[in-house]
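Visitor: Listed below are the residues making up each chain.
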Amino acid sequence: MAILSSPAEPAHPVASRGGIRRLPLGLLPALIFLAVFFAAPLLINLLESLRGPGETHSLAQFARIFGDAYYLTVIGQTLLFGLVVTLACALLGYPLGYAVARTEGTFKVVLIFLVVTPLLVNVVVRSFGWLVILGGNGAINAGMRALGLPKLNLIYNWTGVGIAMVHVLLPFMALSVAGTLETLDRRIEEAARVLGAPPHRLFWHVTLPMSAQGLITGSILCFTLSIGSFVTALLLGKNSTMVLPLLIYQQLTVASDWPFAAAMGVTLLILVSAILWLQGRLVGEPRGRP
Amino acid sequence: MSKLPPALTVYIVIMALFLVAPIVVVVIAAFTSGDFITFPPQSFSVRWFDKVLSDPEFISPLWNSVRLGATATIVASALAVPAAMALVRGNVRRRRLIESLLLAPLSLPTIILAVGLLFFTAQIGLGASFTSLVIGHVVIVIPYVLRTVLGVYMSANHEAEDAAKVLGANPLQAFWHVTLPTIWPGILAGGIFAFLMSFDEVAVSILLSNTDTTPLPVSILSYLVYNYDPSVAAISTIQIAIVILVLLILERVFGIRNVMFASR
Amino acid sequence: MKAMADIPTTTHLEIRALCRAFGDVGALATINLAVVEGEFLALLGPSGCGKTTLLRCIAGLLDPTEGDILIDGQSIVRVPVHRRGLGMVFQSYALFPHMNVVNNIRFGLKMHKVPSSEADQRIADAIDLVQLRGYEQRLPGQLSGGQQQRVALARALVTRPSVLLLDEPFGALDAKLRQSMQIELRRLQRRLKMTMIFVTHDQAEALSMADRIAVMRAGRIEQLDTPTRIYDMPATAFVADFIGQMNRFTGRIIGRSNGHALLAVADLPAPLKARDNPSLAVGDEALAMIRPERIQLKRGSDGDGMLEGVTSDAIFNGERLNVLVQTGAGSVSVALPNVGVDITRAAAAVGQPAAISWESNDLLLFPA
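Residue numbers (the working numbering), protein chains in the order written: chain A, 1 to 290; chain B, 1001 to 1264; chain C, 2001 to 2368.
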């Protein structure tokens, strides 16, 4: 009584009866919300920056920015500052991230705690703390005076802003590196050691290259965040240490020049997008803050 | 314990000191008995805490920050949880793309968003208000909740949901009885993180707040522009205490490392 | 295994012309299947053949692109999952991790709004049925794999489903436990007289448990038959090869005589006689297959056997001795039952000439 199935004809797909929907309903609220309150504001920002006299559109605001040496200097300063800060974070943050990834148990938890807590304490509070430490009557100079050494000018200049900025961004770098190192296959390192690699060569030729992605991601994150941050510069710098975001803030609150501020905002957005695009090329998948 | 080379351990200790320095300094300064911030303080007292806790100029912004953070977190969770579930279980084309879009706010400096929202809310008549603040914070904070929920949900056993459905649960019942208990830690962790990030946010808060809705960082900032006394240190210490407390809860409930290295 | 005459012939579940287009993997192409009341049917096949897809379509967790599914003559293909009244057991047990054993089992009853007095009774009966008395308050994390699977079974059965679907339920258990669970399940099924559809990729499991087996491949059912007929009379070369072991020869049909077909195999002096396959014509290329245990082995070659050659290996696996004989037609595997190792080894005699023979009807022919 062998029952063979009838010779099969190839299946002709009919329009799906709800088997595979295009876009599940659950996604809609979030997507709509972000479309309205994230994408639309950016668009309006762009439109505002193109506002000309009367009802026209013009690039006049951008001409103001790129035609004036002062604004170009500010942009240049911002980028340079970002670069220096990122470099410092990379050098200082990699070993920190390495330590987080390669320790175990309570030590690890404590370390993560130490790295994460500054992240979550408000940047205003942290900058205030640095004011206390670096200021003329602050901790460091108190120590200098006690030792009979001259006073150090550590605030209201690039140094102070730089130190505070590195402090803000270091955890991002460390966590990015740690994240990548955690997912590395340790067996590759073990194979290298069996093949005869001593610790420093193991690190240089195996571990570091394999964790490059975390380093790059962290660096790009640090860079975008540093060129977008204004609180640190506001509290620890002064007019000579002007950066683009602070300029935008001033234009909005002090000068109330909205189209101009919008144009600078667009400029900043373009700079950040360019960096993110670069990251996409280098890494393949953009990541954000930890 | 750690298996690190000794040089690295020394480095870590130095770095740890660097990381906690400003926070520790602020906390110590808050206990100054003098009228000005000097370091090290000559003598200690809690008078600044007394002053700050009874001063509406400080307490009101603290309360604003708390309710802003709570509201933003709840709204963001309501949006992110269904999105995370749809991304994992629905057969979505271009899943990666949509995921990247939803996580996009993480990559942008918040000043850009703040400026855009300033114009946007002015145009739709909301202006600087609590609602505008909530909207801005929700946009910033959604990715944090989405990320942790995605992480938890992706590693969960989905067959339990199938089993519930075959046993007679409609989709809502299956979610309530089976899915939610499983992803609850993820929602909580993401929510806590979101709350803390909202507490931390300056750019959006500064541009979209008015006198009634000033969140804490903004009020500290404006106070600092004109004053430099330990009351700032006192209120900051209170905020630090809140953050540390919440982080400890997070570690208990979820394990802090899981939040940090979540998803993908 | 029941004889054909004992099975009631009421069709309980029927699948008509079911198709599912789903990219390349797990697609189904026109499935027709009628499952009889109280039958234990196995869906067997390699991974990707569509057996799990078919099961999930029956459950309602996936939608077919075309076709119909009927239970007792009623179409259920448009009924949502939670209203189909079926039962399902998963390979990963899929227990609710935050509920204890009793509440896991209670879940379906709650969903169907069974009053609690009756529910409590049914739960107690179910727990007895799967022999888990004493474990009621445990959480899934506190149970072993076998115990978790029994809870999953109880949970599915307690709602009295019309059909029970099982998706490789024993795949995650170790060999011994798997065997005892198989026997338990079968006993349970006979006692409850419940229709069960069981997906597996393990042919030994299917052969030992099922009333009928549907062997699937690439979205189609290749053969639907009782285990013995699937084993002894496979309908296609794929089924023949997938189940058990097979020796293969390729050749050409050169004629027929007395109900046998004659197969000319390269390098053999005389054609082989094989069971006739009417679908093959004289002159066609054909594939001939025979099971290793159907072959007789003789020492020495005195010209009596069908094939002559030299023994090259003897591989002992406990129950049998697998002897490889190198013949003019290639390497042939002969399975000798272990009736005492010394005797068997003497019979095998590696390196010695040997002759092998078989019943002609045991050599099956398939299109090449």
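Just so you know, these hints were derived from the structure itself, not from any lab. Careful, some of the hints might be misleading.
[Unchecked claim] Which chain B residues face chain C? A few, computed with CB under 10 Å, are given here:
#1 Gly-1127
#2 His-1158
#3 Ala-1164
#4 Leu-1167
[What the hints assert, rightly or not] Now the stretches of chain B that chain A is said to cover, found in silico as 3 or more residues with beta-carbon under 8 Å:
#5 1012-1022
#6 1040-1054
#7 1137-1150
#8 1201-1215
#9 1218-1227
Positions of the beta carbon are idealized from the N, C-alpha and C atoms, including for glycine.
Visitor: Could you run down the list of hints and mark each one as holding or not?
Guide: Structure-based check of each hint:
A hinted interface residue such as B:Gly-1127 counts as satisfied when its beta carbon comes closer than 10 Å to some beta carbon of chain C; here the least separation is about 46 Å, so the hint is violated. Here the hint on B:His-1158 is kept, as its CB sits about 8 Å from the closest CB of chain C, short of 10 Å. Below 10 Å, beta-carbon pairs count as interface contacts, and B:Ala-1164 has one with chain C at about 7 Å; its hint therefore holds. Hint status for B:Leu-1167 relative to chain C: holds, with the closest Cβ pair at about 4 Å, below 10 Å.
With a cut-off of 8 Å between beta carbons, the region 1012-1022 of chain B has 8 residues touching chain A; three or more are needed, and the interface restraint holds. Look at the region 1040-1054 of chain B against chain A: 1 of its residues bring a Cβ nearer than 8 Å to a Cβ of that chain, fewer than three, so the hint is violated. Counting residues of the region 1137-1150 of chain B whose CB falls under 8 Å from any CB of chain A gives 5; the rule of at least 3 is met. Under a criterion of three residues with beta carbons nearer than 8 Å to beta carbons of chain A, the stated coverage of the region 1201-1215 of chain B is upheld, 4 such residues being counted.
Beta-carbon proximity to chain A at under 8 Å applies to 3 residues in the region 1218-1227 of chain B; the threshold of 3 is reached and the given coverage holds.
Comparing the model with each earlier hint shows violations of hints 1, 6; every other hint is respected.
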